[in-house]
Structure formats: structure tokens, C-alpha cells
Amino acid sequence: MTGLPPVAAITRFLDDPTSGDFDELALVAFEFQYRRIDAYRRLCDARGATPATVRRWQDVPAVPASAFKTLPLAAAPSRRAFRSSGTTAGPRRRSVHYQPFPQLYESAVDASFPVFCLPATLTAGGTPPMLSLIPTSRQVPDSSLSFMIDRVLARWGGADSATAFGLSGVDTAAATAWAKERAAGERPVLVLATALALLQWLERLRADRLHLALPAGSVVFETGGFKGREREVTRAELLALLEEGLAVPPERVVREYGMTELSSQFYTRSLTGGDPDLFFGPPWTRVRLLEPRSLEPCAPGEPGLVAVFDLANLGSAVHVLTEDLGVAEPVPSTPTASSAGFRLLGRAAGAELRGCSLTAEELARS
Amino acid sequence: MLRDHFVSRRRGATPAEDLATEPRELAGVRYTAAAWDPPALERLVSELAETGAAALATVDDRALLDAWGQTVETFLDPGSEERRRLDPALASLCRLSEAGLGAALEAVLGGVRRGPAERLLAEAPPRAVGAAATPSPVVVFLASNLPALAVQPLLPALLRRRPVLLKSPSAEPLFAPAFAAALAGHEPRLGEAVAAITWRGGDAELEAPLLAGAGKILAYGNETGLADLERRCPGRLVAYGPRTSLAALGAEVPPRAVAPGLARDVALFDQRGCLSIQAVYTTGDAHELADALAEELRSLARRWPAGPATLGELAAVQQVRQEADLRGLYRPPLALDAGTVVVEPEPTFLASPGRRTVRIHPLPRLHNLPAILAPWIGRLQGAALAGTEALALRSALGSLGLSRLTAPGELQSPDISWHNGGRHPLEALG
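The listed protein sequences correspond, in order, to chains E and F.
For my numbering, count along the first sequence from 1 and bump the result up by 141.
With my numbering, the residue at position 423 of the second sequence is 419, and numbering never jumps.
Only chain E is shown next, with the shape it has when bound in the complex (with noise of 0.2 angstroms):
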């Protein structure tokens, strides 16, 4: 071990994967939060799973994400707290992520948003202009998402980047204009947003015949879903508007994968020619597709519950059994990501109402 107290020493991790080992660290986050969250404890207590018996990460007790719901999960004082969106119908519990070390998230973003989203030819000529259609962390201050994107921007966005997002919602009449500026030029820029922002903004394209063509080489960070909308778009539908709207070819979206339980984020490497639907994990993550019977590992190219092992967690919980369903896709490791990559299939059902006409999606889109 490094002698260095666990948040020194899994913030050096992040910044250099070869200064530590993921397997000791993985069990001195455990350690730090099994002391320091009582009911995180007796949970482990009961499963006789203690820093004297655990001897691998995988056999750290996970946190299912919904007790973000309902429990104030953190190690230290908080000093940051991200809230879930709650955008589905009916009262709802909202997820809340209390973040003692919120410099390891920013280590995290740091580490890994690069290595997926800025190649080379984004960068060469300095910082690349940016455009967020996400709202920024002071109009939403609750928002993981807001936070890293407020990063990305103030550590890698060029002096012309933007925030096109108003009072209500994009503002695509500010994102059009800039656009048409970066159009006219040659450096290639990069367009940050969650899947309805952006499809708003390629829909009101379409409806004013406008087609654009962003400088070759520019990328399209893409993260979320269709959640809120009336009717649901296919991706392919969503790629061929952003071909047709910003002359954005697939292979430059880069799509994310991230939520307010946990510290990182995983991304597609479609940028250097991977599958598009494939996510990876920088290196202090790993990523298993569980059984959802039995909670154990499933078997290979079976479907399962997505369990995520964050050392960027360490102010929460570490290991999370998150709400996703996924399968694991192995692939050689590489210095810049863990081994598994996953595919997502969809979110467990639980969490809608349940009533006669349960099968809502049998009017809209069956």
C-alpha cells in the first residue's frame, strides 16, 4: 500500500492508474466506508462481510441506487449534493448523492473525459469551442451532470464556447446562430448534450430547412435518453437528423453513460472506431452484469443488472447495483479503461405505476 490516506491515494490513482492497484484500493474504500457509514455497516455485518473477510472487491456488498433515495449515504461531511431529475409522472423519490470529496469527481471527469471525447483532431489547435445544450451548475445547482459539464468547459472549452439553455430549456435559436458561426470556419468543435436537447434542437432545424455543416471533425457528446418525451425516437432516427441538421457522421458521437449515484462516467469509443452501443470504463472502475435472481456474476453474453465498482465513490458508496439492465461485451484492457465493456438494455420496470392500462406503451408505440 501507499501509506496515503484513501482519498489522496485513489485521487492520485485516477490521475495515474500506475501508481496503485485497483484490486488493494477497492478494499481500503471498503474499509473507509464500512467505518464510517452505520447502515452500510450493519448491512455488511449481517452478510458477515467485514474488512477482516472481504478479500476481493466483488465481494464488497453493492448499494442498491435506489437507497439514495431514501438514505443520506456519506462517509465525511458533505460538501456537495447531486439530485436525480425525477422527470417520471406521480410523486417520486429523487436520489441524492452526497458528495464529501466532489474533488474526486472533478478528478474523474479530468481523467476520463479526454482520453473518449477530445481525439487530437479536436484539440490540435488549442481548446476546441464548445456548445452545452445543458443547463450549467448555476441554473441547476443540484445536477451531476451540470457540475461535470461546467468542468469539461472551464478546463478544456475554448474561448467561444456556449451554454445554450434558457429559462425554458435549449435555446436553439442561440445555438443555431452559433453554430452557423463555427459552420463558416474550419476548426472542429464539440456539441455537448443529453439526447432530448439535442433532438429538440435538430427537430427545430429540420422545421426551419436548415442544414448545417459543422467543420469536419467535430464531435457530439450525447448522454441520456429520450425521458419526457411524448413519443420516443429511435437512435437511428436521432444519428440520421444529426447527419442531416449538423453534418455529424455517426462515427463522431461519442455517447455517455453516467448517473447522480455514482462518480464516473463510462463512454462509447466511437471516436477511434468502436462498436457505437458499447460503453467503457476508465480504470478505476469495473463493471459486472449480475444475475438478477441470485445477485451473482451472470453468465457470459447473458443479460443482467448492472453493478458498478466507482473508486471515485469513496465518499458514498463504492460499489452500486444500479437500477440498469446491460450485458457485458469482454475486450482486451487497455491502459485508458477497464476491461468490460457493456452494452444497456433498459432500466428496471419497478419504478412506473402500475395500473389497468399498464401497458401505456400499447397506445403510443406498441
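By construction, these hints were calculated from the structure, which means they are not laboratory data.
There could be a bad hint or two in this list.
Between beta-carbon pairs, the in silico distance windows are [what the hints assert, rightly or not]: (1) Ser435/E x Arg20/F: 32 to 40 angstroms; (2) Glu38/F x Pro417/E: 25 to 33 angstroms; (3) Arg26/F x Ser226/E: 41 to 49 angstroms; (4) Ala149/E x Asp281/F: 34 to 42 angstroms; (5) Gln66/F x Gly442/E: 24 to 32 angstroms; (6) Asp281/F x Ser160/E: 53 to 61 angstroms; (7) Thr191/E x Glu21/F: 48 to 56 angstroms; (8) Arg20/F x Gly442/E: 26 to 34 angstroms; (9) Pro343/F x Ala265/E: 54 to 62 angstroms; (10) Asp179/E x Arg361/F: 29 to 37 angstroms.
In silico negatives: residues of chain E with every beta carbon more than 12 angstroms from chain F [claimed, not checked]: (11) Pro146; (12) Pro260; (13) His352.
Even glycine gets a Cβ: it sits at the ideal position worked out from N, Cα and C.
Fit chain F to the supplied structure of chain E, relying on the hints for placement.
Below, chain F without anything else, positioned relative to chain E:
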């Protein structure tokens, strides 16, 4: 071969034999599917309005009730040819075990037998003699979570002598045409007035002529789908949106006595009905009630095994279980397929993820329950009540829009006179 459509063979412009059909397979079930385009749907609605309404006008009440009653009895009999043909497919498409399907059909069809149908007829306004008007057909968009749901809107429409077009859900396109065909077998004039078909829902272009020719439109769906329909047929939609149910028990109610009824109201339809209990509020011993309910769910799981679970459902149930464990909540041991019971000290009502998952909320008094439920106003359907303090809530719960208040064990078996969503089934048709 099972079919996803029933249209009368007598009808001139769209005889069944002229339909373009193809074999199809869904969840391992093979059937014949009909293809529809806007002109065909327009013709069908127009014919229902003319020939269907005319045929229906000649059917007297007794003939109607006889045919209806016989058809319902046929489908209540697991040994009938219709049931033997339909049951395996229906169980698969509705994701219920065969025993679970049998119980579900008994609950739904038991409420529309001849007796309840006659009682509903007695509430109908007298028919106008010699009325020349041809009533526009009622179009019903059905949902697939409950088998046999088609009978609930169909009977009131026929009693009001309205031709009916039943649009089955894509996920379960077989019950409605089978029932309509059997009904026509008993009384061909009813067959003239009923069509049961399906298509890919939400297709505005396809549905435009259909909606234009329809009178009232009844739809069971989620808010998004219903809002979409409302935009396309403003003022004519009767929407049955998503709703949920609960139980409230007074302190004097013995857990062991009430648990069998509660378990039935939880497990029937695998908890997918709007009258399925999702939470229990009690002023009694919540742990004792949890144990008793878990035991009954365990027993029911042997008699009515749960249907196959989706990965998403299991994931959601695991979240509830794991969260309960993390919070140190009481959760009696129960196999995942038998159900999940959690004693939840927080009073907030939360939707269950299904798969027979129930939260039991201990309360010092029940009088605050209406305030706890108030955020769910418009989304609550029914409550099983037992004990003095619970029964005293009837009026307050009614004010929140709960349309069925009854004893545990009976919640999920309303008869046809039940005012689903607070609406009289006959008045819903205008």
C-alpha cells in the same frame, strides 16, 4: 388457428374472407393476423355504424342477455373448447401461469355473468322506440395487462345498443376476437355489431378515419398515450389511465384472519391490475401482519405461481429488497417469485414494482391516511378496508377518487356495475 381479428362474415364490404392475413408468432404463440389500412378501417367503422347498429336494434334484451350469459359461461369453463384453445396462448401473452390465468379469468368474467349483466341493464335508460338514428360505434383501445378486459366495455356498449370496435393490444391480440366470435356464435346479430381487431397503436394516419367515424372512444392506457388520443379526438375520449390500490387495516383486525384476502388482492393478475394492492397501512402489529401476509403469499405461489418475470421486473424488485436490507427494515424471507413484503416505517405511498411486492406501513392512527395519499389523487382506484378505523375512512377515500372500497379479498373482483375511475359504465358511453 387462433386469430387476431373477428369481423362478421355477413358484412358486405369487408367480408372476413377478403381480409389480407398472414401467419404471425408472438411470444411463441402462432396466430393469423389481419392487415389494416386506413380505407379498410374506415369501411369497417362505417359498416358497424350502419349494418351493425341496425342488427343490434333488432336484438331484444332477453336474447342479448342469453347470448352474453352463455358466452361468458363458456369462457369461465376451463374445459370448454374455447378455453382449451385459448388458455396456453393467453397465459403466454399475458405472462401469467396457467393457474394464474384461470384465477384472473374467473375474477374478470365472474363479474359480467348474466346476473350482474341483468342488474346493469336495469340501470340503463329505456331505449327509444323507433329511433331512426344510427349510433356511431364505440371504439375501445384495450390494454394487455389484464386478460379478458374486453368484456368490461363491451357489455355496457351492447346493452346501450352501440356497435363496438375493440382494438386489442398488440401484446395480447387474441382474447377479444375469440370472445366476439363466440358471442356471434350464440347470436349472429351481435356479431354484426362487434368487431375485434388490432394494429400497431399510435399510428395517427391509420387511425384517423377510424377516429373520425367513431362515437365515444374508450381507452385504457398510460397518460402519454391517452393524451395523444385526446388530441386526436377531443371531447370524445373516455380515458382509463393508470391507477393503483391499497389496503387499510384497523388495529383490531387479526393479521392471520385478514392475510388470505390481502394476499389474493396482491397476487391476482400478478399485481398488474389497477385494483391490485400495492401497499398496506395498519395501526396493528406490522411485523405480525408481514409474517402472515408472507405466509399466505408463499401458499398462493404454490396455487397460482407467478408468471415469467422480465429482467426489468426482477431488477426493480431486487432494488426494493436490497434497499430494505440496507435500511434494516423488516422483510420476512420469501422466494423471489412468491413475492416481497417489507415493513416500511415511512408513510409515503410508493408504487410497487410488481411481482407481488407490498410495503406495509405502520401508522399510529389511520385518520391521517387521506393526507398521506393526497399526492396520488387521480391515480388511486380502490382500497381494501377492515376494522372500524379503516371503515370510517370511506368517505374521505371516496373524496380522493377511490372508486372501489371493499373488504380484503374482494377488491379485485368487482362486477360490471363498478364505476371504474368513478364513472358509471353505461354513462361513460354518453
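Taking the hints in turn, this is what the structure says about them:
Evaluation of the 32 to 40 angstroms hint for serine 435/E and arginine 20/F yields a pass: the beta carbon distance comes to about 35 angstroms. Between glutamate 38/F and proline 417/E the beta carbons are some 42 angstroms apart, a value that contradicts the proposed interval 25 to 33 angstroms. The supplied range of 41 to 49 angstroms is met by arginine 26/F and serine 226/E, whose beta-carbon atoms lie about 43 angstroms from each other. For the pair alanine 149/E and aspartate 281/F, the supplied restraint of 34 to 42 angstroms is violated, since their beta-carbon distance comes to about 50 angstroms.
Distance hint check for glutamine 66/F and glycine 442/E: the Cβ-Cβ separation is about 52 angstroms, which falls outside the suggested range of 24 to 32 angstroms. Range check, aspartate 281/F to serine 160/E: about 56 angstroms between beta-carbon atoms, so the 53 to 61 angstroms window is met. Between threonine 191/E and glutamate 21/F the C-beta distance comes to about 52 angstroms, which sits within the given range of 48 to 56 angstroms. The hint said 26 to 34 angstroms for the Cβ distance between arginine 20/F and glycine 442/E, and at roughly 28 angstroms that hint holds.
Evaluation of the 54 to 62 angstroms hint for proline 343/F and alanine 265/E yields a pass: the beta carbon distance comes to about 59 angstroms. Against the hinted window of 29 to 37 angstroms, the Cβ-Cβ separation of aspartate 179/E and arginine 361/F comes to about 30 angstroms, which satisfies the hint. Every CB of chain F lies more than 12 angstroms from the CB of proline 146/E, the least distance being 26 angstroms, so the non-interface label holds. Residue-level check passed: proline 260/E sits 35 angstroms from the nearest beta carbon of chain F, beyond 12 angstroms.
Look at histidine 352/E: its CB is around 26 angstroms from the nearest CB on chain F, clear of 12 angstroms, so calling it non-interface holds up.
In the structure shown, a violation is registered for the earlier hints numbered 2, 4, 5, in ascending order.
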